[in-house]
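Protein chains in written order, with this note's numbering: chain Z, 1 to 116; chain S, 1 to 117.
In case anyone wonders, no lab produced these hints; they're calculated from the structure.
Worth double-checking, as some hints may not be accurate.
Using 25 Å as the maximum straight-line C-alpha spacing, the simulated DMTMM-like pairs for lysine to aspartate or glutamate come out as follows [what the hints assert, rightly or not]: (1) 44/S x 15/Z; (2) 103/Z x 77/S; (3) 38/S x 86/Z; (4) 38/Z x 15/Z; (5) 103/Z x 57/S; (6) 38/S x 22/Z; (7) 44/S x 26/Z; (8) 38/S x 26/Z; (9) 44/S x 44/Z; (10) 103/Z x 51/S.
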Amino acid sequence: AQKVTQAQTEISVVEKEDVTLDCVYETRDTTYYLFWYKQPPSGELVFLIRRNSFDEQNEISGRYSWNFQKSTSSFNFTITASQVVDSAVYFCALRFFSGGYNKLIFGAGTRLAVHP
Amino acid sequence: DAMVIQNPRYQVTQFGKPVTLSCSQTLNHNVMYWYQQKSSQAPKLLFHYYDKDFNNEADTPDNFQSRRPNTSFCFLDIRSPGLGDAAMYLCATSRGTLAADSNQPQHFGDGTRLSIL
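Use the sequences and the hints to build the structure in full.
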């Protein structure tokens, strides 16, 4: 079965702290894609990054970095020097191929609160 | 520029009164999705269209239906809304659903928050 687990329900940090959001996934597929989305209080889901199962290279984009480890089925997301604007719910998602179509399943989300 | 547009942002309807939510896109994507997101939960896929081909998730209630008259527009119809249908409804689009295209991210609209009186 396909599953995404985000064990951290809520995280609270003070501005400028580093924070890591955990994501663990389960899949039997050999080809799959992982995504992170941000959902600010306004409600829209904003795409942050995708990673395919054959590319374990970590990625850095400004203050954001992602650590994909296939051996532990994890795709963790780190925000360096957090800012108040980072406050949002972050969703990890797994895209897999089923019944002739691609489907996306989300983890339960981690609510990040960054305080001044 | 808005690429996936959902109207209205907030919708209030009465218990049992049919309601339609709309979604339009300027991306010319062939796939459109509808998700339901209840408070503090992950989005849950209701159904999607690949072009005109409609695909319903097995656990989507019969109360929920959808129409896609053309590439740009997709509607979510709730025939007889119950209190449990109060949620955020998110529309998303992507290019293709074949395995080769599965790296394409889904682009989401701002959502419509539905309240039931």
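Now the hints, each set against the structure:
1. In summary, the hint linking residue 44/S to residue 15/Z is not supported, as the alpha carbons are separated by about 32 Å, beyond the 25 Å threshold.
2. Simply put, residue 103/Z and residue 77/S have alpha-carbon atoms about 22 Å apart, close enough for the 25 Å limit, and the pair holds.
3. Annotation: proposed proximity of residue 38/S to residue 86/Z holds, straight-line Cα distance about 22 Å (limit 25 Å).
4. For the hint linking residue 38/Z to residue 15/Z, the alpha-carbon distance of about 18 Å falls within 25 Å, and the restraint holds.
5. At most 25 Å may separate the alpha-carbon atoms for a hinted pair to count; residue 103/Z and residue 57/S meet this at roughly 10 Å.
6. Of the supplied pair hints, the one linking residue 38/S and residue 22/Z holds, its CA atoms being roughly 22 Å apart against a limit of 25 Å.
7. Among the hinted pairs, residue 44/S with residue 26/Z is consistent with the structure: their alpha-carbon atoms are about 18 Å apart, no more than 25 Å.
8. For a cut-off of 25 Å, the pair hint linking residue 38/S to residue 26/Z stands: about 24 Å separates their Cα positions.
9. Distance restraint check for residue 44/S and residue 44/Z: the Cα-Cα separation of roughly 15 Å lies within the 25 Å cut-off, and the hinted pair is therefore satisfied.
10. Between residue 103/Z and residue 51/S the alpha-carbon distance is near 16 Å, which keeps this suggested pair within the 25 Å criterion.
In summary, the structure is inconsistent with hint 1 from the numbered list given earlier, while agreeing with all the others.
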